[in-house]
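Keeping the supplied structure of chain A fixed, place chain B upon it in accordance with the hints.
2 protein chains.
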Amino acid sequence: MPRSESSSPSFMDLAFEEACRAAEKGEVPVGAVVVASDGTVLAQAGNRTETDADPSAHAEILALRFAAKKRNSPRLPDCDLYVTLEPCAMCAAAISIARLRKVVFAAYDPKGGAIEHGPRFFSQPTCHHVPEVVGGVDEERARALLKTFFVDKR
Amino acid sequence: MPRSESSSPSFMDLAFEEACRAAEKGEVPVGAVVVASDGTVLAQAGNRTETDADPSAHAEILALRFAAKKRNSPRLPDCDLYVTLEPCAMCAAAISIARLRKVVFAAYDPKGGAIEHGPRFFSQPTCHHVPEVVGGVDEERARALLKTFFVDKR
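Listed in order, the protein sequences are those of chains A and B.
Heads up, the first sequence is in this note's numbering, so the first residue is 110 and it goes up one at a time.
Heads up, the second sequence is in this note's numbering, so the first residue is 110 and it goes up one at a time.
Just so you know, the hints here were simulated from the structure itself, not pulled from any lab data.
Computed from a predicted structure; not experimentally measured.
Treat each hint with caution, since some may be false.
Any copy, or any two copies together, can satisfy a pair, since identical chains are not distinguished.
[Said to hold, decoys possible] Below 16 Å or equal to it, Euclidean Cα-Cα: the simulated EDC-like pairs (lysine to aspartate or glutamate) are:
id, residue 1, residue 2
1, 256, 133
2, 134, 261
3, 256, 225
4, 262, 126
5, 178, 249
6, 134, 187
7, 262, 133
8, 220, 261
9, 134, 248
10, 134, 159
11, 211, 161
12, 179, 161
13, 179, 159
14, 178, 161
15, 178, 159
16, 211, 133
17, 178, 248
18, 220, 161
19, 256, 187
20, 179, 249
Just chain A, same shape as in the assembly:
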């Protein structure tokens, strides 16, 4: 059953909470949530590349990893990902490998995004699974969070 519009913001709110927690740890503030088709939140994570010393530990990869572990399957075809920033190529490809149903992201990322920018991964003929994509749903909040983070860093 398709999710009603009204429930979407709360999943993105959870993703933003994860992004804020990441910022508090000195990580680039990005958060992600994996939600099953019945609205169950399977996993939520913030970026942990520095904390975990793991180049793959973007919020999306961690959330996918936790959700897949919970389901005991690397494929999550009934699941949606909510993330505060347009996924990079690593995360876009992982979303495709996990066969997600839908990706919703808050801000476009012209520098590192790989859905609407750069390699536009889901538009490649070699992309084996293309999810539904809803982009730019909360551009301003995500941009403000990233801006504060990078200003504080300088």
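Frame of chain A, contents of chain B only:
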């Protein structure tokens, strides 16, 4: 100091050993090794997506993750990756995030590869770090291994 040509095959041999071990577990046979500039093997791994129920558990990601953990840093700028198959977009982007010095792969992968095929990730203007790439160094061995695996699966 640049590595001599003669030492390269042994790192790829290790990657092939990992690929064979992956095949024995019913995984798509791909193996990867991360090597430091002094020739130390920091990490080696085979594909474990099904075994670990982890969509991100490609051989390259696991090897990068283990090497980064060992170094306690998500960045491995003095390190090289040897892998039996052309990396996909997820792994190519992770290689870039980890700022690897060099990637050596055995077989080209026209269907899922993302270095010489599909998104050609390292050629994208948004790719922030481009490693040296040596492709197709042992095409036949990698192809034979994959072919045997997929024939056995059918």
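For each hint, the structure was consulted:
1. 256 <-> 133: Within one copy only: 14 Å inside, 48 Å across.
2. 134 <-> 261: Cα proximity of residue 134 and residue 261: one copy only (13 Å, versus 48 Å across).
3. 256 <-> 225: neither (21 Å within a copy, 35 Å between copies)
4. 262 <-> 126: The answer is neither: 20 Å in one copy and 44 Å across copies each exceed 16 Å.
5. 178 <-> 249: neither (33 Å within a copy, 35 Å between copies)
6. 134 <-> 187: neither (32 Å within a copy, 27 Å between copies)
7. 262 <-> 133: Answer is within: at 12 Å inside a copy they meet the 16 Å cutoff, but 48 Å across does not.
8. 220 <-> 261: Neither way: residue 220 and residue 261 sit 20 Å apart in one copy and 43 Å across, limit 16 Å.
9. 134 <-> 248: Classified as neither; 23 Å inside a copy, 44 Å across copies.
10. 134 <-> 159: Answer is within; shortest intra-copy Cα gap is 9 Å, inter-copy 32 Å.
11. 211 <-> 161: neither (27 Å within a copy, 23 Å between copies)
12. 179 <-> 161: between (21 Å within a copy, 11 Å between copies)
13. 179 <-> 159: Close across copies (13 Å), not inside one copy (25 Å); limit 16 Å.
14. 178 <-> 161: between (18 Å within a copy, 7 Å between copies)
15. 178 <-> 159: Between copies, since 11 Å is at most 16 Å while 23 Å is not.
16. 211 <-> 133: neither (29 Å within a copy, 34 Å between copies)
17. 178 <-> 248: neither (31 Å within a copy, 34 Å between copies)
18. 220 <-> 161: Classified as neither; 24 Å inside a copy, 32 Å across copies.
19. 256 <-> 187: neither (34 Å within a copy, 31 Å between copies)
20. 179 <-> 249: For residue 179 and residue 249, neither the intra-copy (33 Å) nor the inter-copy (38 Å) Cα distance is at most 16 Å.
Checked against the numbered hints given earlier, this structure breaks hints 3, 4, 5, 6, 8, 9, 11, 16, 17, 18, 19 and 20; the rest are met.
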